[in-house]
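S.K.: One line per chain: the protein sequences are A, B and C, in this order. When the first sequence is numbered by the working numbering, its final residue is 81 and no position is left out of the sequence of numbers. When the second sequence is numbered by the working numbering, its final residue is 161 and no position is left out of the sequence of numbers. When the third sequence is numbered by the working numbering, its final residue is 753 and no position is left out of the sequence of numbers.
Source of the hints: derived by calculation from the structure; they are not laboratory data. All figures in this text were calculated on a predicted structure; none of them were measured in a lab. Virtual Cβ for every residue (Gly too), placed ideally from N, Cα, C. A portion of the hints provided could be inaccurate.
Stated by the list, open to error - Within a straight-line C-alpha distance of at most 16 Å, the following computed EDC-like cross-link-like pairs (lysine to aspartate or glutamate) qualify:
no. : chain 1 : residue 1 : chain 2 : residue 2
1   : C       : 586       : C       : 466
2   : C       : 163       : A       : 15
3   : C       : 404       : A       : 54
4   : C       : 699       : C       : 11
5   : C       : 404       : C       : 348
6   : C       : 546       : C       : 498
7   : C       : 9         : C       : 695
8   : B       : 95        : C       : 27
9   : B       : 95        : B       : 154
10  : C       : 166       : C       : 189
11  : A       : 3         : A       : 54
12  : C       : 699       : C       : 405
13  : C       : 277       : C       : 218
14  : C       : 311       : C       : 175
15  : C       : 583       : C       : 405
16  : C       : 122       : B       : 22
17  : C       : 58        : C       : 153
18  : B       : 95        : C       : 498
19  : A       : 77        : A       : 60
20  : C       : 546       : C       : 571
21  : C       : 699       : A       : 54
22  : C       : 58        : C       : 128
23  : C       : 163       : A       : 12
24  : A       : 77        : C       : 175
To be verified - Chain C is nowhere near these chain A residues, computed Cβ spacing over 12 Å in every case:
no. : residue
25  : 1
26  : 9
27  : 22
28  : 23
29  : 32
30  : 36
31  : 37
32  : 42
33  : 56
34  : 68
35  : 71
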Amino acid sequence: MVKVILWGGLRDLADGNSEFEFAATTIHKVFLRLIAEYPGLESELEDNVSVAVDGQIYRDSLFVSLPENAEVFILPKLQGG
Amino acid sequence: MANIQVSTKINGDTYEFLCRPDETLLEVLRDRIGLTGSKEGCASGDCGACSVMLGDRVVSSCLVLGAEVEGQEVNTIEGMADGGNLHPLQRNFIKFAALQCGFCTPGFLVAAKALLDKNPDPTETEIRYWLAGNLCRCTGYDKIVRAVLHTAEEMRGQARG
Amino acid sequence: MADIDRLEKVDGFKVVGTRPNRPDGVDKVTGRARFGADIHAPGMLIGKVLRSPHPHAKILSIDTTRALALSGVKAVLTSDDFGDVPAMHQATLHNVMAHNKALYEGHAIAAVAAVDVAIARKAIKLIDVEYEILPHVTDVDAAMAEDAPLLHEDNFTSGIDPKPSKPSNIATWSEFGHGNLDEGFSQADIILEREFTTEATHQGYIEPHACLATYSEDGNSEIWCTTQGHFLVRDTCAALLDIAVSRLRVTASEIGGGFGGKTVVYLEPLALALSRKAGRPVKMVMSRSEVFRSTGPTSSSSMRVKIGVRKDGRIIAADAHLNYQSGAFGGFIAMLGAMCAYACYSLENVRATANEVLTNRPMQASYRAPGAPIVNFAVESVIDELAVELELDPIEFRLMNAAKEGDRSSYGPVFDQIGLIQTLETARDHPHYQATLAKGQARGMAVGFWFNFGGLTSVSLNVNFDGTVTVSVGRPDIGGSRAAMCQMAAEELGIPYDNVRTIIADTSSLGFNDTTDGSRTTFANGLAIIRAARGAIRDMCARAAKTWDIPEEAVEWVDGCARPCGSNAGDFEPMCIAEIARKSPKTGGPIAGHHEVNAEGAGVSFAVHIADVKVDEETGRTDICRYTVVQDAGKAIHPAYVEGQYQGGAAQGIGWALNEGYVYGDDGIMQNPGFLDYRMPVCSDLPMIEAKIIEIPNKGHPYGVRGVGETSIVPPLATVANAICSATGVRMTQIPMAPPVLLKAIEKNNKQV
Chain A
1 MVKVILWGGL
11 RDLADGNSEF
21 EFAATTIHKV
31 FLRLIAEYPG
41 LESELEDNVS
51 VAVDGQIYRD
61 SLFVSLPENA
71 EVFILPKLQG
81 G
Chain B
1 MANIQVSTKI
11 NGDTYEFLCR
21 PDETLLEVLR
31 DRIGLTGSKE
41 GCASGDCGAC
51 SVMLGDRVVS
61 SCLVLGAEVE
71 GQEVNTIEGM
81 ADGGNLHPLQ
91 RNFIKFAALQ
101 CGFCTPGFLV
111 AAKALLDKNP
121 DPTETEIRYW
131 LAGNLCRCTG
141 YDKIVRAVLH
151 TAEEMRGQAR
161 G
Chain C
1 MADIDRLEKV
11 DGFKVVGTRP
21 NRPDGVDKVT
31 GRARFGADIH
41 APGMLIGKVL
51 RSPHPHAKIL
61 SIDTTRALAL
71 SGVKAVLTSD
81 DFGDVPAMHQ
91 ATLHNVMAHN
101 KALYEGHAIA
111 AVAAVDVAIA
121 RKAIKLIDVE
131 YEILPHVTDV
141 DAAMAEDAPL
151 LHEDNFTSGI
161 DPKPSKPSNI
171 ATWSEFGHGN
181 LDEGFSQADI
191 ILEREFTTEA
201 THQGYIEPHA
211 CLATYSEDGN
221 SEIWCTTQGH
231 FLVRDTCAAL
241 LDIAVSRLRV
251 TASEIGGGFG
261 GKTVVYLEPL
271 ALALSRKAGR
281 PVKMVMSRSE
291 VFRSTGPTSS
301 SSMRVKIGVR
311 KDGRIIAADA
321 HLNYQSGAFG
331 GFIAMLGAMC
341 AYACYSLENV
351 RATANEVLTN
361 RPMQASYRAP
371 GAPIVNFAVE
381 SVIDELAVEL
391 ELDPIEFRLM
401 NAAKEGDRSS
411 YGPVFDQIGL
421 IQTLETARDH
431 PHYQATLAKG
441 QARGMAVGFW
451 FNFGGLTSVS
461 LNVNFDGTVT
471 VSVGRPDIGG
481 SRAAMCQMAA
491 EELGIPYDNV
501 RTIIADTSSL
511 GFNDTTDGSR
521 TTFANGLAII
531 RAARGAIRDM
541 CARAAKTWDI
551 PEEAVEWVDG
561 CARPCGSNAG
571 DFEPMCIAEI
581 ARKSPKTGGP
591 IAGHHEVNAE
601 GAGVSFAVHI
611 ADVKVDEETG
621 RTDICRYTVV
631 QDAGKAIHPA
641 YVEGQYQGGA
651 AQGIGWALNE
661 GYVYGDDGIM
671 QNPGFLDYRM
681 PVCSDLPMIE
691 AKIIEIPNKG
701 HPYGVRGVGE
711 TSIVPPLATV
721 ANAICSATGV
731 RMTQIPMAPP
741 VLLKAIEKNN
751 KQV
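Can you build the whole structure from these sequences, using the hints too?
M.R.: Now the structure itself:
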């Protein structure tokens, strides 16, 4: 199982929910599972998010493997200067 | 407007060129002579990136008209090295990492050389005020000032033999 | 071979950590280096842009007849010359050339290409534009008012549910945090709530935007330009002009500073479109005034910060609301500000909310740690005030509340390994912090946070027949990064630094590379170069093994040579890179390594700044007398250029704190679009800036590298404000703290006292 947390901006697209627990082995599978349940999340998850796995930030990597009990925090996409 | 014919010396070589009456020395150097080492950062004399020597004065070449240099001597960054040998300031700017992007560097070098030619033993404060007409956005000036201080010391050592 | 993802080298470096001369040094001290405007092409035209004199106006008509009739004019361009573009590029297109409406003074309306600059300048004056002037708004709070003039009639604030019923100038709302604020504040012994404003600043790179574009009759085209990301220029221009990406090759010139401001296109699509129309190369260079009025800057802001603390020094609740003005098109800077607001602290109850606000100002562009310095000024000012109230040393107070591994960050995820506590302790023990203050001086400090990025990276590394190595990277070198690239390749290959050259390749030579921003270049390029080098080493070891007729596993790479290893390997003289390279035509062909990756694991970073200042209470002028930066670099590849990043960021932040700022009149026109009136720090304004590098290895990089470019601009605003407060007793809530502003505040304070 992994713990998935959505940042506040995505909450409304997930019917007000922001915390989930389910089995997933990659970020990709987390996204697929979320989109299946909340189709409104699709375009946001496609283009506008970064993901922190146990605090390590991934800007754009679908196939990162998730350790058991990982915290998967879905953040807005980050940009620098 | 008729073009003006100008004859001058640039980095020791004789040049003759035609320029518009409103054309700046910086435009002449960059666009007519092909010496693009002097940079345009503002065209208003505020940034110093176009600094060149006109006779024994440091000037912002964006504030000098091309026509004004008739019969005068102009020295630019391209003339600072002696053939293949860098001027000690050039060498030390590299050694002390006194440049990041390097865009302001030609102007700083021209201005710093003019300082050391006049004052071989400047204090840090004297260097900071002398170079206050040259903007650098990358370095915070720390390493530039250190490079000039070190060069001055090195050149004094050489002068003493 | 070892697992190449793992952090595996923490000491024993031979080249990394030294300070060699940079490969582009001589070109840059002799004037030979070619920047954006330093190029000419045969038959080249000069392009110029007509810009809106009004901050907000409907464009009723544009008549180009008179301009086109002028002898020497070869093409005139308006928004009609661009077709529909994908939604993601629409704001860019409408920013590079106004579409129906001019949204800020300086907004491009039309462009011309002519045989010389004098004719081009004359031609833009012959373009007749009929405007209907609209009411405008440039202030962030005024733009949020009920009756504010709307920039975009179709803008409904995103990020709130339900969707607003009316359009407004608030582009986006965002919120971060966790815990229960009410409960937190109810437990607080002291609660401070303060309001702050900051003015917009420009990135201030000394080199104006410049490019040369050539569109060929066969549909192929080339752009030479000064940019932080030539791949981004290629893909954006291809989309705006509807040409295939493979048909456009972009070469990055040397770049004269960027700081985030050269991460977007301005002139490039116009020059290419003009070239397509005229059938000749077109060069365009901005004036300084155009740079100020039409590019950058960062946001101005208004902010409210509320922090509650217990008597024992523990921060129990923290709230912040930010309104960032993002210019004529929505951005993401306020959101980043909200994420960074409380990132330095371990907090159970925290919230940061942010509005991205549209105004009639140029579209904001990233500026070094975008969004972070602004909110840091507000938060670190209140933290400082609390330390005073609690009679705690400011660093000790921060240490008591500092974020550490396992804490939930204020922006959401838990922190993994971070070095904030070591950074604060190093600052506390630093000679500067321990030093007795000179007479008439006062001290301030602040701590700052920034994310660092990795991203799309593609590099190639070629071993030449003489054993020297050429590395091609795809990110422009703004601050000396080529030296660091050579160092990492030399380190890995075990060869001298001088045997490696690194070049910035054009967009047709490598796979896509993300822009040089987000403090990513040394981290991400370096990671890819190390892996590319390991690929080449693997190949060279294999060739030695074949030559010796022993198994590949029985060969190791040490100090630039293949050597037999293990008991059964046999006794052979080491075969060094030059020999393997020389023989390579007969052993399988050229030797190369390459690596393509989306580099992740950049690792966040923290910095502590300390300033001693002297304030002249007669004039309100602040002098910075001593300044120290303490920051974690993970591993400093070329320490001199790491120090340079720390010093440069500090200097920019000091400028922002004390002088820089956009000044608008009631007419919505920028009043200081030049370096004389927009005053950046000059040499005599600053002291030496001490740069203390801490090295806490980042496990996401084989050598432990962490980005260093941005964090250093985050703490200076608050550092200087806190020092000014110690000096004068005046708590400034407004940036810039320019002499007249500070003088007024001091006089007001003196009256009250």
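S.K.: Between residue 122 of chain C and residue 22 of chain B, is the straight-line Cα distance small enough, at 16 Å or below?
M.R.: With a Cα-Cα distance of about 14 Å, the restraint between residue 122 of chain C and residue 22 of chain B holds, given a limit of 16 Å.
S.K.: Given the hinted pair residue 95 of chain B and residue 498 of chain C, is their Cα-Cα distance within 16 Å?
M.R.: Answer holds: residue 95 of chain B to residue 498 of chain C is near 15 Å, not above 16 Å.
S.K.: Quickly compare the C-alpha distance for residue 404 of chain C and residue 348 of chain C to 16 Å and report which way the hint goes.
M.R.: Answer holds: residue 404 of chain C to residue 348 of chain C is near 13 Å, not above 16 Å.
S.K.: Could you grab the alpha-carbon distance between residue 404 of chain C and residue 54 of chain A and see if it respects the 16 Å cut-off?
M.R.: Between residue 404 of chain C and residue 54 of chain A the Cα gap is close to 13 Å, so the pair holds against 16 Å.
S.K.: Would the least Cβ to Cβ distance between residue 32 of chain A and chain C come out above 12 Å?
M.R.: Fine: 19 Å to the nearest Cβ keeps residue 32 of chain A off the interface.
S.K.: Compare the distance between the alpha carbons of residue 95 of chain B and residue 154 of chain B with 16 Å, and conclude whether the hinted pair is satisfied.
M.R.: 13 Å, holds
S.K.: CA of residue 546 of chain C to CA of residue 498 of chain C, is that 16 Å or under?
M.R.: 29 Å, violated
S.K.: Given the hinted pair residue 3 of chain A and residue 54 of chain A, is their alpha-carbon gap at most 16 Å?
M.R.: 10 Å, holds
S.K.: Is the Cα-Cα distance between residue 699 of chain C and residue 11 of chain C 16 Å or less?
M.R.: 14 Å, holds
S.K.: Decide if the proposed pair is consistent with the structure: residue 583 of chain C and residue 405 of chain C, CA atoms, cutoff 16 Å inclusive.
M.R.: Measuring from Cα to Cα gives roughly 51 Å; hence the hint is violated.
S.K.: For the pair supplied as a hint, residue 546 of chain C and residue 571 of chain C, is the alpha-carbon distance within the 16 Å limit?
M.R.: 14 Å, holds
S.K.: Was residue 71 of chain A rightly flagged as not at the interface, with every chain C Cβ beyond 12 Å?
M.R.: 6 Å, violated
Of the hints listed earlier, those the structure fails to meet are numbers 6, 10, 14, 15, 26, 33, 35, in rising order.
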